[in-house]
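A.B. asks: For the sequence shown, counting from 1, position 179 maps to 179 in my numbering; every step adds exactly one.
To be clear, the hints were calculated from the coordinates, so they are not data collected in a lab. Even for Gly, the Cβ is constructed at its ideal location relative to N, Cα and C. It is possible that part of the hints are untrue.
[Claimed, not checked] Simulated restraints on C-beta separations:
# : residue 1 : residue 2 : range
1 : A138      : R207      : 32 to 42 Å
2 : G181      : A205      : 17 to 27 Å
3 : G53       : A13       : 37 to 47 Å
4 : A200      : D85       : 57 to 67 Å
5 : G53       : G128      : 36 to 46 Å
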Amino acid sequence: MPTQASAGLQLSAHRFWLRRLECALLGEAAGRARARFTALAVGAALTAMAVAGCALLGWLRPQVTLDRARLVLDRNSGALFVRVDDTWHPVLNLASARLIAGAPVDPQPVRPSDLARAKLGAPLGIPGAPQYLGAPLAAADLVWSVCDGDGATTVVVGRPAEHSVRRLPAGQAILAAPAPGSPAYLLYDGRRAVVNLDDAAVVRALRLEGRVPRRAVELLECVALAALVPLTGWICGA
1 MPTQASAGLQ LSAHRFWLRR LECALLGEAA GRARARFTAL AVGAALTAMA
51 VAGCALLGWL RPQVTLDRAR LVLDRNSGAL FVRVDDTWHP VLNLASARLI
101 AGAPVDPQPV RPSDLARAKL GAPLGIPGAP QYLGAPLAAA DLVWSVCDGD
151 GATTVVVGRP AEHSVRRLPA GQAILAAPAP GSPAYLLYDG RRAVVNLDDA
201 AVVRALRLEG RVPRRAVELL ECVALAALVP LTGWICGA
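Based on the sequences and whatever the hints tell you, model everything.
C.D. replies: Structure follows, in structure tokens:
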């Protein structure tokens, strides 16, 4: 073998000689080595294409395991099934299915043959519930307001204008009563609690000296009633 750089023709001839020597040692005809390499390259390319096709098919149509799913959809009939323990129940609509599942899960398509092998139960669901549900509202939009006063009562759901409605800061409360002489309530932290203004100890503990309850009727009916009032850390607002 040459130990120094050779010219292009010499290097090509040397490689040809090595291939012929390999064919002679293996007992193969001339040109079989090149054909074997070509077959290997074609086989590798076909294998890569098959693997890529299987991966694409699995991504487009994934096979759902019933043991891991909570809500499935029959690909042929479009029927919904929700899992309760180890039993799959037909469900009337998507709203009922999510209530039963306890989470806003989306249905996963499965083959009818998979459902045929599963344990099926009685139909469940709320008749007339919506089939399609929109996206949940943001926390800033889950706000409601009540205009309490003489005449009609107006309830506004949604984000209030910053200049018209002010949220009661944490640690503050409002003293309100439906009418003069009626029991007074302390509104705090989204709740209301009865306050005995005739008890001097309670008035001093809650810092209600000189406070006159605001008149509120509809507002008090919209707020949940609490059993106890915290005696420390609260400031009665104006």
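A.B. asks: Each hint needs a verdict: does it hold in this structure or not?
C.D. replies: Verification of the supplied hints:
In this structure, A138 and R207 meet the distance hint of 32 to 42 Å, their C-beta atoms being roughly 36 Å apart. In this structure the hint that G181 and A205 lie 17 to 27 Å apart at CB holds, the actual value being about 23 Å. Separated by about 43 Å at the C-beta atoms, G53 and A13 satisfy the suggested range of 37 to 47 Å. Take A200 and D85: their Cβ atoms lie about 58 Å apart, and the range 57 to 67 Å holds.
Distance hint check for G53 and G128: the Cβ-Cβ separation is about 45 Å, which falls inside the suggested range of 36 to 46 Å.
Checked against the numbered hints above, the structure violates none of them.
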